[in-house]
Amino acid sequence: MRSQHNHIQELLGPLLMWGVAAMVTLPFLWITGDLIVHGVSHLSFEFLLSPPHDAGRQGGIRPILVSTFLIIGVCITVAMPIGVGTALYLSEYTRNDKVLGRLIRSSLDILAGVPSSVFGLFGNVLFCQVLGLGFSILSGGLTLACMMLPIMIRTIEEGFRSLVQDQRLSAAALGLSKYTTIRVVLLPAAIPSIVVAGILGLGRALAETAALVFTSGYVDRMPESLLDSGRSLSVHIYDLSMNVAGGNAHAYATALVLLSVLLSMNVLASRMVTRWTLHIHTLA
Amino acid sequence: MDLTHSHPRLSPDRPEKPGVHTWVPYSSKDPCCEPIAHIQAKDLSIAYHGQPALEQVSLEINRGCLTALVGPSGCGKTSFLMSINRLTDLIAGCRVSGTLHLNDMDILSSQVDLLNLRRTVGMIFQKPTLFPFSIRHNLELPLREHGMRDRTRLGHTMEKTLQQVGLWDEVKDRLEHPAQALSGGQQQRLCLARALMLSPDVLLLDEPCSALDPLSSGIVEDLIVSLRDQYTVLIVTHNLAQARRIADHVAFFWSFHGVGRLVEYGTAQSMFDNPKHELTTAYISGARG
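Chains as they are written, first to last, in the working numbering: chain P, 259 to 542; chain S, 555 to 843.
No lab work stands behind these hints: they were computed from the structure. Think of the CB as a built atom: it goes at the ideal place given N, C-alpha and C, for glycine as much as any other residue. Incorrect hints may appear among the rest.
[As the list claims (entries may be wrong)] EDC-like mimics (lysine to aspartate or glutamate), calculated; alpha carbons at most 20 Å apart, straight line:
#1 S/Lys714 <-> S/Asp776
#2 S/Lys681 <-> P/Asp424
#3 S/Lys726 <-> S/Glu713
#4 P/Lys436 <-> S/Glu699
#5 P/Lys356 <-> S/Asp643
#6 P/Lys436 <-> S/Asp643
#7 P/Lys436 <-> P/Asp424
#8 P/Lys356 <-> P/Glu416
#9 S/Lys714 <-> S/Asp704
#10 S/Lys830 <-> S/Glu614
#11 P/Lys436 <-> P/Glu416
#12 P/Lys436 <-> S/Asp667
#13 S/Lys714 <-> S/Asp783
#14 P/Lys356 <-> P/Asp367
#15 S/Lys681 <-> S/Glu775
[Claimed, not checked] Derived contacts from chain S toward chain P, CB cut-off under 8 Å, selection only:
#16 Asn639
#17 Arg673
#18 Met677
#19 Pro696
#20 Leu752
[Said to hold, decoys possible] Which stretches of chain P does chain S cover? Using the computed rule of at least three CB atoms under 8 Å from a CB of chain S, they are:
#21 426 to 434
#22 438 to 446
When you get a sec, could you build the whole thing from the sequences and use the hints?
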């Protein structure tokens with residue numbers, strides 16, 4: 259009786275695990291499959307390289323791709339240094355300073371949960387109106403940077419915290435200054451977590467729609483500078499599927515492109531991390 | 555309180571606190587260290603988050619002596635060691651009180667130049683802690699940090715130091731290779747070389763041989779012995795045989811209700827041949843600890 263009970267338990271455990279894994283994986287496979295089925299026939303080099311016509315029902319997505327990369331470029335260029343700097347400050351300088359550290363951390367945790375439309379309105383007021391950048395790629399990128407920062411900072415901070423104390427102690431014991439310790443010991447060792455934080459942030463930025471509608475706008479012309487309005491892939495998908503009758507086919511194709519960009523960025527980053535870790539290990 | 559005969563029953567949990575053993579002037583057969591106090595601790599106490607870990611340690615460590623700190627785990631030996639180069643500052647919630655002097659320098663003063671203190675007091679840890687760089691870069695980094703830029707002088711100091719630790723012949727052809735590719739024993743010697751590059755006066759060794767195989771451990775031990783006279787060496791060790799072999803002085807710590815105290819301090823010879831405290835006797839005979 260007892261052994262039968264154990265047997266059932268042993269079967270049930272893995273089954274439950276598989277069930278949970280399937281619940282997470284199936285929607286992803288479903289979405290991907292659906293996108294491929296409906297979108298792949300419209301996908302071509304011409305689609306990627308030509309501008310949209312007839313509100314996106316015809317033509318392609320070239321200016322939209324360019325705008326998307328520009329927005330993400332602005333976002334990551336601004337968010338990375340601020341993110342790494344704040345994370346360093348939190349993990350290396352506020353260890354004993356409980357009040358300030360706690361204040362910053364709880365602010366970040368609350369910001370991480372703020373809806374993107376609120377970030378969009380905030381970006382619209384601050385960047386578009388107060389700073390006079392108007393509906394532009396710059397405004398969009400900066401708003402996305404604000405949105406990405408909370409989660410990025412906490413991820414990088416965890417990376418710094420997980421580094422072994424030995425290296426910090428040994429650097430201090432050699433009379434190395436804090437600056438040198440950070441530069442030569444901590445930063446190189448935390449590269450993988452910084453890359454992961456970047457990827458998480460990029461994923462969120464690529465998928466963002468609401469915040470961008472309020473800040474970078476949805477003009478689908480080829481941008482001439484960062485101060486031009488530009489439409490991102492996600493906004494294009496939203497517009498085609500919600501506002502343009504007969505735009506579904508191209509919405510599918512655009513979503514497929516977005517997914518591919520996201521996937522290839524992920525693969526690239528994990529390759530980079532593996533190579534870097536290998537590099538450290540060959541050194542090790 | 556008479557420490558020698560007060561308690562027939564030995565227990566680490568007994569409520570009575572031992573006093574501090576008075577310092578025995580140096581009189582060993584081996585005239586290696588001058589009877590000049592180099593490091594002086596008086597009523598030194600260390601607490602973590604308000605919980606005392608080490609209490610009222612007073613002792614004088616002689617210049618050029620090799621002093622072993624022995625005792626069971628958790629009796630505050632490493633904390634004591636780390637207070638000497640103020641690495642305790644890096645540990646959250648750690649508070650050091652009492653007085654601690656290196657020559658005339660008040661180590662615990664807030665005015666003390668920490669980078670300079672740590673240049674004067676080198677430290678080696680249980681596990682080799684090399685940075686993921688080349689051998690050359692590992693050795694040159696601390697000196698560069700302290701302002702030496704001259705490549706010829708750096709190279710010269712590096713060669714001299716590597717010879718001092720007996721690594722020169724082993725690594726001279728692969729100075730640009732990753733330091734962490736060396737064997738454990740070589741890494742530990744390289745760590746020692748890295749500390750010696752800064753020409754310190756004092757060396758703190760925290761169980762430097764415990765993570766090494768017996769052969770490497772022997773080599774590192776011989777190296778430590780060779781450093782006597784030139785440097786004031788403090789070594790934390792769990793290996794009593796090693797302490798007996800190499801130390802001039804031995805400080806014996808014990809944990810009372812989780813709080814470390816110095817039980818006995820004296821020459822290695824007197825400590826091992828004629829211990830004055832029952833706990834010491836029990837510990838070195840293997841009955842305790």
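Do the hints match the structure? See the list:
At most 20 Å may separate the alpha-carbon atoms for a hinted pair to count; S/Lys714 and S/Asp776 meet this at roughly 18 Å. With a C-alpha separation of about 9 Å, the suggested pair S/Lys681 and P/Asp424 falls inside the 20 Å cut-off, and the hint holds. Between S/Lys726 and S/Glu713, the direct Cα distance comes to roughly 8 Å. Compliance with the 20 Å bound is thereby established for this hinted pair. Pair hint P/Lys436 plus S/Glu699 holds up; C-alpha atoms about 11 Å apart against a cutoff of 20 Å.
Restraint check: the Cα-Cα separation between P/Lys356 and S/Asp643 comes to about 16 Å, which is no more than 20 Å; the hinted pair holds. A C-alpha spacing of about 13 Å is found between P/Lys436 and S/Asp643, which places the hinted pair at or below 20 Å, so the restraint holds. A threshold of 20 Å between alpha carbons decides the hint, and for P/Lys436 with P/Asp424 the separation of about 15 Å falls inside it, so the pair holds. Restraint check for P/Lys356 and P/Glu416: the C-alpha separation of about 17 Å stays at or below 20 Å, so the hint holds.
Annotation: proposed proximity of S/Lys714 to S/Asp704 holds, straight-line Cα distance about 16 Å (limit 20 Å). Distance restraint check for S/Lys830 and S/Glu614: the Cα-Cα separation of roughly 18 Å lies within the 20 Å cut-off, and the hinted pair is therefore satisfied. For the given pair, P/Lys436 sits about 19 Å from P/Glu416 by alpha-carbon distance, which is consistent with the 20 Å threshold. A C-alpha spacing of about 14 Å is found between P/Lys436 and S/Asp667, which places the hinted pair at or below 20 Å, so the restraint holds.
Restraint check for S/Lys714 and S/Asp783: satisfied, since their Cα atoms lie roughly 18 Å apart, inside the 20 Å limit. Under the criterion of a C-alpha separation no larger than 20 Å, the hint pairing P/Lys356 with P/Asp367 is consistent with the structure, at around 16 Å. Distance check on the hinted pair: S/Lys681 and S/Glu775 sit about 15 Å apart at the alpha-carbon level, within 20 Å; holds. The restraint placing S/Asn639 at the interface with chain P holds, with a minimum CB-CB distance near 6 Å, inside the 8 Å limit.
Taking 8 Å as the C-beta contact cut-off toward chain P, the hint placing S/Arg673 at the interface holds, the least distance being around 4 Å. Given hint, S/Met677 at the interface with chain P, holds; its Cβ is 4 Å from that chain's nearest Cβ, closer than 8 Å. At a threshold of 8 Å, the smallest CB-CB gap from S/Pro696 to chain P is about 4 Å, leaving the interface hint in force. Using the Cβ-Cβ criterion of 8 Å, the hint placing S/Leu752 at the interface with chain P is satisfied: the shortest such distance is roughly 7 Å.
For the stretch 426 to 434 of chain P, the stated coverage by chain S holds: 9 residues have a C-beta nearer than 8 Å to a C-beta of that chain, and at least 3 were required. Against chain S, the stretch 438 to 446 of chain P contributes 4 residues with a C-beta closer than 8 Å to a partner C-beta. That satisfies the three-residue criterion, and the hint holds.
The structure shown violates none of the earlier numbered hints.
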